[in-house]
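Number of protein chains: 6
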Amino acid sequence: MSVLARNERAATRPYYRPVGREVEVFEAAYAARLPVLLKGPTGCGKSRFIAAMAAAHGRELVTVACNDETSSVDLLGRYVVMGGDTVWQDGPVTRAARAGAFLYLDELAEAREDVLVVLHPLSDHRREVHVDRRDETIIAADGFALCVSFNPGYQRGLKELKPSTRQRYVTLAFDYPEAAIEQEIVATEAAVDAGVAKRLVAFARKVRGSGELGLQETVSTRLLVAAAKLIAGGLAPRLACEVAIVQPLSDDLDVVAALKDAAALAF
Amino acid sequence: MSVLARNERAATRPYYRPVGREVEVFEAAYAARLPVLLKGPTGCGKSRFIAAMAAAHGRELVTVACNDETSSVDLLGRYVVMGGDTVWQDGPVTRAARAGAFLYLDELAEAREDVLVVLHPLSDHRREVHVDRRDETIIAADGFALCVSFNPGYQRGLKELKPSTRQRYVTLAFDYPEAAIEQEIVATEAAVDAGVAKRLVAFARKVRGSGELGLQETVSTRLLVAAAKLIAGGLAPRLACEVAIVQPLSDDLDVVAALKDAAALAF
Amino acid sequence: MSVLARNERAATRPYYRPVGREVEVFEAAYAARLPVLLKGPTGCGKSRFIAAMAAAHGRELVTVACNDETSSVDLLGRYVVMGGDTVWQDGPVTRAARAGAFLYLDELAEAREDVLVVLHPLSDHRREVHVDRRDETIIAADGFALCVSFNPGYQRGLKELKPSTRQRYVTLAFDYPEAAIEQEIVATEAAVDAGVAKRLVAFARKVRGSGELGLQETVSTRLLVAAAKLIAGGLAPRLACEVAIVQPLSDDLDVVAALKDAAALAF
Amino acid sequence: MSVLARNERAATRPYYRPVGREVEVFEAAYAARLPVLLKGPTGCGKSRFIAAMAAAHGRELVTVACNDETSSVDLLGRYVVMGGDTVWQDGPVTRAARAGAFLYLDELAEAREDVLVVLHPLSDHRREVHVDRRDETIIAADGFALCVSFNPGYQRGLKELKPSTRQRYVTLAFDYPEAAIEQEIVATEAAVDAGVAKRLVAFARKVRGSGELGLQETVSTRLLVAAAKLIAGGLAPRLACEVAIVQPLSDDLDVVAALKDAAALAF
Amino acid sequence: MSVLARNERAATRPYYRPVGREVEVFEAAYAARLPVLLKGPTGCGKSRFIAAMAAAHGRELVTVACNDETSSVDLLGRYVVMGGDTVWQDGPVTRAARAGAFLYLDELAEAREDVLVVLHPLSDHRREVHVDRRDETIIAADGFALCVSFNPGYQRGLKELKPSTRQRYVTLAFDYPEAAIEQEIVATEAAVDAGVAKRLVAFARKVRGSGELGLQETVSTRLLVAAAKLIAGGLAPRLACEVAIVQPLSDDLDVVAALKDAAALAF
Amino acid sequence: MSVLARNERAATRPYYRPVGREVEVFEAAYAARLPVLLKGPTGCGKSRFIAAMAAAHGRELVTVACNDETSSVDLLGRYVVMGGDTVWQDGPVTRAARAGAFLYLDELAEAREDVLVVLHPLSDHRREVHVDRRDETIIAADGFALCVSFNPGYQRGLKELKPSTRQRYVTLAFDYPEAAIEQEIVATEAAVDAGVAKRLVAFARKVRGSGELGLQETVSTRLLVAAAKLIAGGLAPRLACEVAIVQPLSDDLDVVAALKDAAALAF
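Protein chains in written order, with the numbering used here: chain A, 1 to 267; chain B, 1 to 267; chain C, 1 to 267; chain D, 1 to 267; chain E, 1 to 267; chain F, 1 to 267.
Possibly wrong hints are sitting among the right ones.
[Unchecked claim] Simulated pairs of lysine-lysine, BS3-like, Cα-Cα distance not exceeding 25 angstroms:
1. E:Lys162 x F:Lys206
2. C:Lys162 x B:Lys260
3. F:Lys206 x F:Lys260
Worth flagging that the hints you see were computed from the coordinates, not collected in a lab.
Given the sequences, and given the hints that come with them, work out the whole structure.
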């Protein structure tokens, strides 16, 4: 798939329902050429927000899901041997910088140190990236934006972003939307009627409000949409809630029973 | 063995005896293009279930047994040098995506972070996989299904799936089947008469019901089938139970003695 | 050494003295095409048993001593460059599967996860092995048998076989043989007279019966044979016991003294 | 970008506002050819100081952001294959030594041992660097300066610089500037009026003075400049403070609330 | 140095003074083709003993100093590219096996698992070594002997030889020799008169007899020889004792002072 | 830089002021062909001593700064591809052995096991080094000397030299020189007058004498020379003491204040 093809694709604006002043802040940061960090729990719409912002500005979106194995070489590119010739192949960071794309590093705290350090000159007034292997410095094209995400709920001591990294990013805190907005999102994305969406959101809010269950993370909007899709496909609502919401949340038999009771109350 | 050969093979539908509403849920998730996670203990039929689902839909089944050493390169493919030419060789994930096969990642929690992350775009509405080394994005063919398994009994702190991974999968909880069904399975698979199957299942249920033995995992249906096969081959039932069930379950001399007593009561 | 040469060699049936019903169980498992795990302490005859079984069936024996460094590539084979050409070289597992040999993985618990996982499809009804690098699936030839060994005395928490692995194998528990049988083994293998063999076995049984010495493992039949060989070569029996049995068992000066006293009582 | 181009670039002298006697000490150390270590918290101007010193002396600035993955090979250079020929490519340290540039190793304590050791002969009277792979010793050109930075706040036991490394560097301790100077910096860099700058600095000083919040690092001048830029771009001051200062500093809801209250008092 | 050259060298029989029945036991083990393990503290003559045994039998001695980095590839050999051709290069183990040499693995407990495992077939009745990379099995030539050393004083939990390895070797326990013999060794090796040798040995025996100093290892014969050589070269005996014996034994100022006092009493 | 060039360079004898009987001992050890270990704190002149000894004997000095990443391959040499041909490139150890140079391994305790083991045959009567990759044994040329350094203050449990390594080296304990000698060194090296040197040494001795400050290492002669150079260059003495001595020694604000007070008393 060529870069052109990807641009066209990003041009199909994804559905995004604003839940606060996040668009306003993003626009100000983008205008001031400041990088942005989105923090918040699983499945609350961070990735979708960036996709919508990229589409709104007609920019390609280049996403990197960070993990322990991603090295700076993977991001910056490498020499590969192709049919006897040695050719340079850009990585996602260099491609995004050249193309003036939106670069989105999902779950930045999972990345290794050398990845974070490579981003430093891209995140300040220099807006450039050094490719040591080519002895080349790429100045980011004008529309380029650096965006990263971070889930504070995961970070337990070891994998925390250092303050010197955190202080480089304008930071938007995301959370699950209010009931009316979440209902609208569930109904729109899964094509279910408002009644089903309302019951699913009510169920979610009851679980979120109860701290007793000891869940590592709580019901996300993403889970509600999955359950709604199964219901739309004909599955009994309680069974849909069990397989799409309850079982993904816990393996503890007592917690599963309690969540199933709560789902039974909703439907 | 070519891909065609594999498809033919999968077309031989394996014996699978449904034990609950798992087929109904799978069909709804497959229709909604949602990925599926099977959770449950060793030897309760998770792999066999997926094999049956793939055969029912006339799809090839591509299985990956996850482990610490599996890297994203192993899954996505690599360039190999063959007779002087450099050719691309798909890995199981890319092959399954192109072929519209059922991709089954067994014991997903054993895999490294980079493997989990590679699956992300395949597990949501995008249904695509990025191959950075080729700068290629493969959209999964229409019949493609992403299925994974997970044994909650194993995960002790370190190797747990993150909530952000768990929440991507419709989750089916498996357990050992009811007595009548299990008896039918043992008799069918090992070709023993109903009496032997009944005694083996009775023995298994007694052991499963007794929490005192401190077993890491309990008697699985797989073990009953192995013992039944040895009996069918002429081994004395008590000796068959000892070598096929008791000794695989424990190395503790007291536990072994207690299990042998229970087997002696059954036969 | 070619495969043919190895087969001829295996055909020289090694001395093996049965100590229980292990041959009967092995034959039943082999007939049912079920894999076999031998568990028991050091030097009690596990490896020799498998060598005897392979010879009894006229099959080549392919042995792999498992360790931390053994990778699945080592077992399955690799492409090697030979005189400008790239040729495939089978590893022990693929060679054994093609040749219908007995494959014996000694101390399986020492192997890495990726090795255990490679064996999975060989250990169930599929009896096949996938070679990802060649995109090839090898169906094991008819006489193929998968055998592994495991010493429960070693496994201290970290290196334990997972239940899902254990439950794949019919399990034979080995222990040191009864006095009369062990005496016969020592006399036969070291070519000493019955009196020397009897005293060595008496010494061994005294040490095995005394739990006070805190030995990590106790006197094995292998050690008795070594001492007997030194005596046969002319060394004084007490000195032979010291260097072949006592010093290999402990570095603790008090334990060494106690063991030497016990040896002095025997001779 | 060629070395020439980089030199021209460094020649554009960056804005730097001295806050103590740091320039005087640097000049004395540079005259005596002694290397310099800058220690101090995040965002207090260490990197900018070195950029200003390099510009003042008309020297190129070569910056290396140290991290766990940086090896001595990355710093010294490597042989690369280019169009069939093997050519040597200098790394940042060798390039800086040859060019008589200012070499700046940011966050030296993050580097591996082999990196620190490579710098030893550059940091004493020898002023040379050994390139083992080429069997070459490069004497640093006359204007060369070795500068490193270190943030004592980060180092928790494991990643501390050894005394034998520390004692090689003349050490300048940096801290956040006095109110009047910091105000001048914020107003100049973000192009806001003195009133906004004053309020931002007042807010910063209140937070820095309160030890109760348990922040890992406190408000840096860098954060004030970011907030000021967002205000200059039209964002409401309280919202600008929240996204540019408060959210980057903490994920604790109570701390965030307290910081937002402090920001509300300032504006 | 060719193999021939090495053999000639080994033929120069090194000075070795027997201290017990070690020669008798070695000869019996060698005649029975049993491998030998030498255990004992630093510098008590283990390596010299093996050198003497090899010379006595007119065999080449191939020594491997085991360590964490030694892999089975290092021992068995590898393919290397020489002038365009790929040639096989034997490692020390394969070379020793082919040549019928004495193979001595010093400090075997320092070696990795894969090294120990490679030795297994060489240490039992098979006397062969498998080279997987060549698919070759080398039967050891007739005079071949496998000898290893082990220092029980070092092994603290982690790096212990497993019982299954220990039980493969006839084990000779070494200790420092009796006073008269040690005196003879010191005088012979350093070419000092009997008086100096006597005082050095007296000093050593006093230190060895005092358990109070908390030394990790005590004065070895090797240290006495070094001090004697310095004295022979003209250094004052007390200074020679300090630099050759006391300072190598401890960095604790009090212990150093106590040891110097003991040396002063001797001279 | 060729070996010849290096030899010429070493021939420029560096300034070294003996502080005890270290020269006498070194000469005796060198005459007896015994290797030497220098132990002592940072910056007390160990490296300079070896440089002086090498120069005194007209020998090249080859220095290796040991660290975790240094492998035996780095020390012994490797095959490199140069213009299509494969050529052997000696490493520092092999080059020093062939050239009869002084080989100095600085901070030996930082090196990995395989490095220490490579040195063993160089450190005893064999005076040779084995290069496995070339199957070559190099006998050290006649003037060759093996010297290593070690800082006992650093070694905290993990990175200690094993007794079997320590006992191979004649050991010289270094410490900071007496006041008069240190004063002479400071005045000579920094070209300051005796008054400044005296005050600096007085300050150093006060700090060294006070155990209360909890410094990891204390004021070295090296630090005094650096401060003296800054004073010679015109910096105020108190400021010179702060940046060249106090700040490199501690990051603790109270300790820094106490040290600055002590410096103020000296000047």
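Do the hints match the structure? See the list:
1. A hinted pair counts as satisfied when its Cα atoms are at most 25 angstroms apart, and E:Lys162 with F:Lys206 does not qualify at roughly 54 angstroms.
2. For the proposed pair C:Lys162 and B:Lys260, the alpha carbon gap of about 22 angstroms is at most 25 angstroms, so the pair holds.
3. Only pairs whose Cα atoms come within 25 angstroms are accepted, and F:Lys206 paired with F:Lys260 is accepted, the gap being roughly 12 angstroms.
When held up to the earlier numbered hints, the structure conflicts with hint 1 and nothing else.
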